[in-house]
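Peer 1: Spelled out, the chains give:
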Amino acid sequence: MLSDFKTRRRSATAVSPETAPDSPSTVSLGLARPMTDCWQHIGVWGNGSCVELKAHLHCRNCPTYAAAALRLLDSRPPAGYRHEWTQHLAAKISTGAAGTPLLVFRIGDEWLALGIGVMEEVGESRPIHKLPHRREGVLLGVVNVRGELLACVSVGRLLGVEKGVGTGTALPGKSAGRMLVVSHGGERYAFPVTEVRGVQHLVLPPGPQQPAFDDQVLGAAGRSRVVSRGQSVCCLDEGKLFAALKRSLA
Amino acid sequence: MLFLVFQVGADRFALEAARVVEVLAMVELQKIAGAPVGTAGEFVYRGESVPVLDLCLLTLGRPSNLRLSTRVILLRHEPQPGMIKPLGLIAEHATELAQKNLGEFTSVGDGLVAPDPRGRLRLLQLDKLLTPELRDLLAVYYFSQTLEAEPAA
Chain A
1 MLSDFKTRRR SATAVSPETA PDSPSTVSLG LARPMTDCWQ HIGVWGNGSC
51 VELKAHLHCR NCPTYAAAAL RLLDSRPPAG YRHEWTQHLA AKISTGAAGT
101 PLLVFRIGDE WLALGIGVME EVGESRPIHK LPHRREGVLL GVVNVRGELL
151 ACVSVGRLLG VEKGVGTGTA LPGKSAGRML VVSHGGERYA FPVTEVRGVQ
201 HLVLPPGPQQ PAFDDQVLGA AGRSRVVSRG QSVCCLDEGK LFAALKRSLA
Chain B
1 MLFLVFQVGA DRFALEAARV VEVLAMVELQ KIAGAPVGTA GEFVYRGESV
51 PVLDLCLLTL GRPSNLRLST RVILLRHEPQ PGMIKPLGLI AEHATELAQK
101 NLGEFTSVGD GLVAPDPRGR LRLLQLDKLL TPELRDLLAV YYFSQTLEAE
151 PAA
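Heads up: the protein sequence lines correspond to chains A and B, in order.
Under our numbering, residues 1 to 250 are what the first sequence spells out, in order.
Under our numbering, residues 1 to 153 are what the second sequence spells out, in order.
If you are wondering where the hints come from, they were derived from the structure by calculation, not from laboratory data.
One side of the interface only, derived from the structure: several residues of chain B facing chain A at Cβ under 8 Å:
id, residue
1, LEU24
2, ALA25
3, MET26
4, VAL27
5, GLU28
6, PHE43
7, VAL44
8, TYR45
9, ARG46
10, GLY47
11, LEU66
12, ARG67
13, LEU68
14, SER69
15, THR95
BS3-like mimics (lysine-lysine), calculated; alpha carbons at most 25 Å apart, straight line:
id, chain 1, residue 1, chain 2, residue 2
16, A, LYS246, A, LYS130
17, B, LYS128, B, LYS100
18, B, LYS31, A, LYS92
19, B, LYS85, A, LYS92
20, B, LYS128, B, LYS85
21, B, LYS31, B, LYS85
We put the beta carbon where it would ideally sit given N, CA and C, even for glycine.
In isolation and in its complexed conformation, chain A is listed as follows (with noise of 0.2 Å):
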């Protein structure tokens, strides 16, 4: 059925612009009655002398183009169409993934997570504008987030994460990175990240877990460390990462 579209379309391009409305060809789709290509003659595709572009600019937005599309939904259904549906309709579908749902994003070399309750967004990196006598420290400086002035903060420093684009020692390059917006509890912030994973289900063990004496990241704001996808990935406690964020602005 596309194929004989494309052929369709193919051969239209061939016809001259001035025969074109007048022998307006038709689309043979083993429908019952014929439908007119008009948008390959005098619409955009065409020479664009039809009279209706003026008010809809393009053939996409023309209620015949749209009709037409319409049309193609008149065609029979293909073999073994009602089979494979009925078969994946008659499948349960499984009841959610079991898990807390938790961003997935890394900073220099470390994995970490944070409930996605707090997330407000996920954008591109933006430039800091740093602030005078703060040149050390967790902010970084102020970014505009869609008109709004953020403090910009280094969760790789606060966590002591050494290396790596958002830790505070190399800032976001032109591509490189992501600005991640968090709020908890009134208090706005943004902070560059490395890579963002996306959102994953993990099961976290049910109680606040001992971080290791060398384990810096779960120490300062960690909750618990999941292993997910072979990679050990930190879960951020919301309330210490905020805390400790607080804290070091002050």
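We have chain A already, so just place chain B on it with the hints.
Peer 2: Relative to chain A, chain B alone:
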């Protein structure tokens, strides 16, 4: 209000979108033994059997054409107050949506009709369409379903 627009023969009908669970592709249906005219059969939706009525068969006496645009509208049917059960309706050209107010539908003859750029739009009143035999069938069908479900619960 949003309405789902479909055709029964040449007539265009509207159904409140709020009642629709899902618009499904045409599926293979199992016949229900001894079912009255208007029933198309049943199929399994997410592990649950759903009876399906054919609107064309019900109103025009011929089965719906088998096209890609002919679809099964799965809706919440309320056979008794407080009891909501799934019911499938086969409708032709179930491809459009329309934004209408209920006030736009005026009583013409025995139905409610709203004006529309492409002719008139009739409101589908399922309660009027269902014959006593179909009501009985659905009542028995849903009752036997609850009986089957109880031992498992």
